[in-house]
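Undergrad: Based on the sequences and whatever the hints tell you, model everything.
Just so you know, the protein sequences line up as chains E and H, in that order.
Just so you know, we're using this note's numbering here: the first sequence kicks off at 1 and counts up by one.
Just so you know, we're using this note's numbering here: the second sequence kicks off at 1 and counts up by one.
Please note that the accuracy of each hint is not assured.
[Stated by the list, open to error] Chain H regions said to be covered by chain E (calculated; three or more residues, Cβ under 8 angstroms): (1) 188-199; (2) 256-270.
[Said to hold, decoys possible] Here are the simulated SDA-like pairs of lysine to any residue, each with C-alpha atoms no more than 20 angstroms apart in a straight line: (3) H:Lys152 x E:Gly43; (4) H:Lys189 x E:Gln246; (5) E:Lys235 x H:Arg191; (6) H:Lys273 x H:Val295; (7) H:Lys169 x E:Pro150; (8) E:Lys235 x H:Gln159; (9) H:Lys304 x H:Asp243.
[What the hints assert, rightly or not] Between beta-carbon pairs, the in silico distance windows are: (10) H:Pro265 x E:Ala201: 35 to 45 angstroms; (11) E:Asp346 x H:Gly54: 28 to 38 angstroms; (12) E:Lys401 x H:Lys304: 32 to 42 angstroms; (13) E:Asp205 x H:Asn196: 32 to 42 angstroms.
Calculated directly from the structure, the hints in this document are not laboratory data.
Cβ atoms here follow ideal geometry from the backbone N, Cα and C, with glycine treated the same way.
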Amino acid sequence: MQPPSQPLDPSRRRFLTEAARSFLGLSLLPLQSWPKLPGDLPGPQARKMIFLYMNGGMSHLDTLDPKPGAATQGETEVLGTKVDGIQLSAHFQNLVGHVDKFALIRSLHSTQGAHATGRYFLHTSFLQRGTIRHPSLGAWLSKIDGPLHPNLPAHVAVNAGNDTASAGFLSARHNPLPIGDPGSGLQHSRRPNHVDDQRAARRLDRLQAMNQKLAKQGQNAGTAAYAQAYEQALKLMQSRDLQAFQLDSEPQWLKEAYGQGRFGQGCLLARRLVEHDVRFVEVGLGGWDTHNDNFDRLAELVPELDQALSALLADLQARGLLEETLVVLASEFGRTPKINDRTGRDHFPQAFSALLAGGGIRGGQVHGQTDATGENIVADPVSIPDFNATLAYGLGLPLEKEYFSPSGRPFRVADKGRPVRSLFA
Amino acid sequence: MISLCWLGLFAGFNLGQEPEPVDFASQVLPILKQHCFSCHASESLGGPKKAKAGLRLDGAGWILAGAKGDQVLVPGKPEESSLWSMMALPADDPDIMPAKGDPASAEEIALIRQWIEEGASFGDWRGEAGGLTIRKGPAPDQPVSVMERMAKNLEPASQAQIKKAAGDKARITPVRPGSPLLHVEFPHKDRGLNKNDLQRLQSIAPWVAILDLSRLPLKEEVLGQLPKLPRLIRLEMRSTGLDDRGLAALPPLAELRVCNLFGNPIGNASVKKLLSFPQLRVLYLWKTEITEAGVDSLRKDRAKLQVHWNPKFPAPRNPASD
Numbered sequence: 001m002q003p004p005s006q007p008l009d010p011s012r013r014r015f016l017t018e019a020a021r022s023f024l025g026l027s028l029l030p031l032q033s034w035p036k037l038p039g040d041l042p043g044p045q046a047r048k049m050i051f052l053y054m055n056g057g058m059s060h061l062d063t064l065d066p067k068p069g070a071a072t073q074g075e076t077e078v079l080g081t082k083v084d085g086i087q088l089s090a091h092f093q094n095l096v097g098h099v100d101k102f103a104l105i106r107s108l109h110s111t112q113g114a115h116a117t118g119r120y121f122l123h124t125s126f127l128q129r130g131t132i133r134h135p136s137l138g139a140w141l142s143k144i145d146g147p148l149h150p151n152l153p154a155h156v157a158v159n160a161g162n163d164t165a166s167a168g169f170l171s172a173r174h175n176p177l178p179i180g181d182p183g184s185g186l187q188h189s190r191r192p193n194h195v196d197d198q199r200a201a202r203r204l205d206r207l208q209a210m211n212q213k214l215a216k217q218g219q220n221a222g223t224a225a226y227a228q229a230y231e232q233a234l235k236l237m238q239s240r241d242l243q244a245f246q247l248d249s250e251p252q253w254l255k256e257a258y259g260q261g262r263f264g265q266g267c268l269l270a271r272r273l274v275e276h277d278v279r280f281v282e283v284g285l286g287g288w289d290t291h292n293d294n295f296d297r298l299a300e301l302v303p304e305l306d307q308a309l310s311a312l313l314a315d316l317q318a319r320g321l322l323e324e325t326l327v328v329l330a331s332e333f334g335r336t337p338k339i340n341d342r343t344g345r346d347h348f349p350q351a352f353s354a355l356l357a358g359g360g361i362r363g364g365q366v367h368g369q370t371d372a373t374g375e376n377i378v379a380d381p382v383s384i385p386d387f388n389a390t391l392a393y394g395l396g397l398p399l400e401k402e403y404f405s406p407s408g409r410p411f412r413v414a415d416k417g418r419p420v421r422s423l424f425a
Numbered sequence: 001m002i003s004l005c006w007l008g009l010f011a012g013f014n015l016g017q018e019p020e021p022v023d024f025a026s027q028v029l030p031i032l033k034q035h036c037f038s039c040h041a042s043e044s045l046g047g048p049k050k051a052k053a054g055l056r057l058d059g060a061g062w063i064l065a066g067a068k069g070d071q072v073l074v075p076g077k078p079e080e081s082s083l084w085s086m087m088a089l090p091a092d093d094p095d096i097m098p099a100k101g102d103p104a105s106a107e108e109i110a111l112i113r114q115w116i117e118e119g120a121s122f123g124d125w126r127g128e129a130g131g132l133t134i135r136k137g138p139a140p141d142q143p144v145s146v147m148e149r150m151a152k153n154l155e156p157a158s159q160a161q162i163k164k165a166a167g168d169k170a171r172i173t174p175v176r177p178g179s180p181l182l183h184v185e186f187p188h189k190d191r192g193l194n195k196n197d198l199q200r201l202q203s204i205a206p207w208v209a210i211l212d213l214s215r216l217p218l219k220e221e222v223l224g225q226l227p228k229l230p231r232l233i234r235l236e237m238r239s240t241g242l243d244d245r246g247l248a249a250l251p252p253l254a255e256l257r258v259c260n261l262f263g264n265p266i267g268n269a270s271v272k273k274l275l276s277f278p279q280l281r282v283l284y285l286w287k288t289e290i291t292e293a294g295v296d297s298l299r300k301d302r303a304k305l306q307v308h309w310n311p312k313f314p315a316p317r318n319p320a321s322d
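TA: Below, the structure is given as C-alpha cells:
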C-alpha cells in the first residue's frame with residue numbers, strides 16, 4: 001500500500017472530514033484532548049459548584065447528543081465543534097466555542113421515569129422513601145466541608161423549585177437558601193424603616209429570652225437549628241457581602257450577555273455568589289417537558305440555555321474562578337428519540353446526557369456513547385449514583401465514608417456510585 | 001514502503017531535513033493488517049468471530065480501548081505499549097506477537113516504535129467505529145502533576161505549625177484530602193489583612209501551594225512581608241486593589257504557575273515582574289490596566305503562557321427577532 005502520490009488538496013480533505021462527520025456522526029472519536037485549564041494541575045480541584053438543573057427532562061438529541069442523519073433527529077440541526085466527534089445541537093451557537101472547557105457524559109441512565117422521583121434520584125442518588133429524606137449534594141458539601149464564607153450561606157438555590165435541593169436528614173442549616181427572582185436580590189434582608197437599632201436589639205433580646213425558656217424545657221435539634229438560622233440571618237444582614245446577592249452593580253452589557261430572563265440572571269447571580277465564596281449554587285431552568293411541539297419549544301429554550309451557560313463559562317474563566325468551580329448541567333432524564341404524534345418527545349431515562357466544566361475537568365472529551373438512534377447506550381454507562389460520585393470526587397468529598405442518619409442508618413454521599421475519574425485526568 | 005520508513009528514521013536523526021512523522025494510515029495500518037488483523041479485527045475485515053483477548057486493531061477507538069481494559073498503546077512510550085513490545089520480543093519467546101505466522105520485520109517493528117514515540121497520531125483515520133470514546137488517564141503531553149511531584153517526600157506540617165500560621169484569621173486546609181501541601185485563605189474579608197498575617201506564614205512556608213488573598217485590600221507594605229514560598233503554585237489576588245508597586249513587593253516565587261490579578265489597577269509596568277516568575281503558565285489579567293501591547297509582550301516572551309484578559313461573551317439576543 002502506497003501513500004497517495006499527491007497529498008489531498010485542503011478543500012478535498014476538508015470535504016472528506018466534513019462528510020465523515022455528518023455520515024459517521026458519533027462514531028468519530030475525540031482523539032485530541034485539550035490541555036486542562038490551569039495548564040499543570042491534573043486531578044480534581046473543585047471547591048465550589050454551580051449546578052444548572054434542567055427541570056422536566058432535557059431532550060438529549062436536541063441538545064448534547066444529536067444524531068445527524070437519523071430519522072429520530074427531527075428538525076433540530078447539528079453543529080460541529082473544534083473537537084472531532086463532539087457535535088451539538090445547532091441551537092448551541094455560542095457553546096460550541098467553549099468546547100475546550102467542557103466534557104460531556106452521553107451515557108447517563110436513570111431508573112426513574114417520572115419527574116418527582118427522577119428529580120429526587122438525580123439530586124440525592126437515592127430512591128424516594130416514605131421514611132427518610134436524603135440530603136442533596138449541596139447539603140453534603142455544606143455538612144462535610146462547611147461554609148467558606150463566615151456569613152454567607154454555603155448553599156443557595158435559585159429558581160429551583162422547593163423539592164430539589166434539600167438538607168434531607170442532615171441539620172436544617174444545610175438547607176439551601178432559596179431565591180425566587182434573581183433580579184430582586186435577597187428578600188427581607190433589610191430592616192423596615194420604622195425599626196431602628198434600639199428597637200431591633202430589644203426585639204432580639206425578647207426573642208432570645210423566649211428561646212432560652214423553650215430550650216430549658218428540652219433540647220431539640222430542630223429548635224437549635226432554627227435558632228442558628230436566625231443568628232446566621234442576622235449576621236448576613238450586617239455583612240457587607242450582602243451585596244453578593246444584588247445584581248444592580250453588574251453592568252448592563254453583562255446582564256444582556258447572560259440573557260435577560262430569569263435563568264440568565266440566575267447564572268449571573270451564581271457567578272457573583274461563588275465569587276463571594278458561596279460553595280454550592282443550584283440554578284433551575286424549567287420548560288423541558290416537551291411532550292408537545294418539542295422542536296418549536298426547544299428553539300426558544302436551548303438558545304436561552306446556550307446564552308447563559310456560554311456567558312457563565314467565559315465569565316468564570318476570565319475571573320480565574322473556573323479552576324475551583326465545577327459547573328454541571330444535568331436533567332432528571334432525557335426524552336424519547338422516537339418523535340410522538342404531537343411532534344413531541346416523551347420521558348426517557350434509558351439514555352441521556354450531561355455537561356461538566358471547570359474544577360479540574362479536562363475539556364474537549366466525551367465519556368460514553370449512545371447508538372445511532374440515541375436510544376441505547378453502547379459504551380461506558382454512567383448511573384445516577386456514578387454521576388453524583390463523579391461530582392463528589394471533583395469536590396474532594398469522601399465517597400467511602402459512612403454518615404449516620406438520626407435513626408442510626410448509614411449513608412454515603414453518592415450511595416454506591418463510582419466516579420468517572422478520567423474526566424479529571 | 002521500506003524506503004519510506006527509512007526516510008522516516010533518518011529524519012528522526014535530524015539530517016538537515018524537516019522530520020517527517022510516520023503516517024498511520026499509509027505506513028502503520030498496512031503492517032497491522034498483514035500481521036494482526038487475522039486475530040484482532042472484526043469478522044468483515046478477516047478477523048475471527050470474537051477478537052482474541054478482546055483486542056481489536058481495526059479502529060482508533062478499539063486500539064485505544066486496548067485488551068479488556070488494559071492499554072496496549074501509550075502514546076509517546078513504546079516501552080509501555082504492548083502493541084510494540086510484544087512484536088519486538090525474540091522470535092522464540094512464547095508471548096511474541098503475532099502468535100501465528102511469521103514475525104514482523106525489523107523495519108516494520110521500528111516503524112511502529114517510531115510512530116508511538118511521535119505520539120501515535122491516527123491522523124484522519126478512524127477505522128471501525130466503537131471501542132473507547134475517551135482517553136483513559138492523563139494525556140501523554142501532560143507533565144507529571146506538579147502538585148504530586150512537590151508533595152513527594154514532603155513530611156506534613158505539624159498541627160502546631162499550622163495553628164501558629166493561621167492565627168485567628170487564616171483558614172488552612174490540605175490542597176486535596178491526604179496531601180501535605182496546603183491551601184491558605186482568609187475568609188474574613190471584612191477584617192482585612194495586616195503585616196503579621198502574612199509574616200506568620202513563615203512557619204508553614206515549605207507547604208503552601210495555594211495562597212488565596214482575593215478581595216482583601218493588598219498594599220505594598222503588607223505584601224512585602226510575604227515569606228518566600230518555595231512550593232507556591234497558585235496565587236489568587238483578584239479584586240484586591242493591588243497596584244504595580246504592590247506586585248513588585250512580592251518575593252521571588254520559583255514554582256508559581258497560576259497568578260490571578262483580575263480587577264486590579266496594575267499596568268504594563270508589571271510585565272517585567274510577572275516575567276520574573278520562571279514557571280508562570282496561567283495569568284488572569286481581565287479588568288486590569290495592562291494593555292494589548294503589554295499582553296503581547298508577555299506572550300512574546302513566554303510562548304506557553306495562557307493570558308486571560310479579553311473574554312468573549314455571547315452577543316445579546318433579541319427574543320423578538322428570533
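Undergrad: So, for every hint listed, does it hold in this structure?
TA: Checked hints:
no.	hint	result
1	188-199	holds (count 3)
2	256-270	holds (count 5)
3	H:Lys152 x E:Gly43	16 angstroms, holds
4	H:Lys189 x E:Gln246	18 angstroms, holds
5	E:Lys235 x H:Arg191	15 angstroms, holds
6	H:Lys273 x H:Val295	13 angstroms, holds
7	H:Lys169 x E:Pro150	11 angstroms, holds
8	E:Lys235 x H:Gln159	30 angstroms, violated
9	H:Lys304 x H:Asp243	25 angstroms, violated
10	H:Pro265 x E:Ala201: 35 to 45 angstroms	40 angstroms, holds
11	E:Asp346 x H:Gly54: 28 to 38 angstroms	37 angstroms, holds
12	E:Lys401 x H:Lys304: 32 to 42 angstroms	39 angstroms, holds
13	E:Asp205 x H:Asn196: 32 to 42 angstroms	36 angstroms, holds
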